[in-house]
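Could you slot chain B onto chain A? The hints should help.
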Amino acid sequence: MMHDSPYLKPEAAAAAQRQLEAFAASTPSIALAVLTSSDGFELAAYPAQLAVAQRIAAMSSSLQALSEALAREASLSNSRDLIIESDDGTILVLGLANTAPRMSLAVVASNKENLGHLLWASRNCCKSLESGLQA
Amino acid sequence: MNTPQELKIVFTGPMGAGKTTAIGAISDAPPVSTEVRNTDRHAHSKELTTVALDFGQMLLEDGTAVRLYGTPGQQRFSFMWEILCRGAIGLILLIDATSATATEDLRSFVETFQRFTPDQPLVIGVGRVPQGESEPLERFEQVLASEGVLAPVFGVDVRKRDDVLLLIETLLCILETRIEEPTDDA
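Here the protein sequences come in this chain order: A and B.
Just so you know, the numbering used here puts 124 at position 124 of the first sequence, and the rest follows in order with no gaps.
Just so you know, the numbering used here puts 111 at position 111 of the second sequence, and the rest follows in order with no gaps.
Looking at chain A on its own, in the form it has when it is part of the complex (with noise of 0.2 angstroms):
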């Protein structure tokens, strides 16, 4: 279930989920796609009404809060992004830029994407959800 963010509108909400279906139809390999508040919540998603997609929200929320941990404790300035590799596919969060409070796309996608088309579509879908917010 989508979280009801006080600081999302509906119709911003509604319009960050038509640019993840637009992700997902020009990008085969992705599985699911969840914008997510930094504490956490799932605010839209590919596909929609997608119980795991709550999950995929808390845990990149908290993988994202510790790659920063991690980028400070080694005196690197701002983590950007997160990518895991496995067997089968790979899983990305961004986070976006210019959003209150910061928000994060994650990505889940099968392994027949090549990894730099993936990073490309995805960093571009987060500029496209970040105009869109900011609108």
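It should be emphasised that the hints constitute simulated quantities derived from the structure, not laboratory data.
Since this is a predicted model, take the numbers as computed values, not measurements.
Be aware that one or more of the hints could be misleading.
Said to hold, decoys possible - Ranges between beta-carbon positions, derived for each pair:
no.	chain 1	residue 1	chain 2	residue 2	range
1	A	Leu50	B	Asp62	48 to 54 angstroms
2	B	Phe79	A	Ser77	26 to 32 angstroms
3	B	Pro118	A	Leu50	40 to 46 angstroms
We treat Cβ as the ideally placed atom computed from N, Cα and C, and that holds for glycine.
Frame of chain A; chain B shown alone:
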């Protein structure tokens, strides 16, 4: 007793119970924090919330390093609870006495974490205990008794280093007693 060189203790409890504050009160170095802005003000009014873990460390007088891990409090982060409890020698459960769900929280967390740390000692720290009550901790002790759990309960202010140290020292005392007392099987 041979003193282990490293010990792991986990702080848990519901959102807003003071886990991050408690670890910050006793850690020798600034703790690793994964706090982000809390967007769920229905659950709690606080500004920030932990989404992965807190991590601090303190050195005991005998040279033992105690690693302090704090869990997120919300159910949606429960996947972190089992991960963080791996290898822990004990659990400190913090409860906010002013919460409307304080006793339910205690029961729920005790039941859940007994699955992750079934044999490890447990110490309860109750924060924001109302002044003037004759037995302010009694209702929490009754919950533990009804669950068949033997664990000490303390009223604490997690902002105070000595209060948090009391919880740690009690946990270590229980552990030491268990090691020194031969069991029936021995």
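_Let me make sure I understand: some of the numbered hints might not hold for this structure. Which ones are they, in numerical order?_
3
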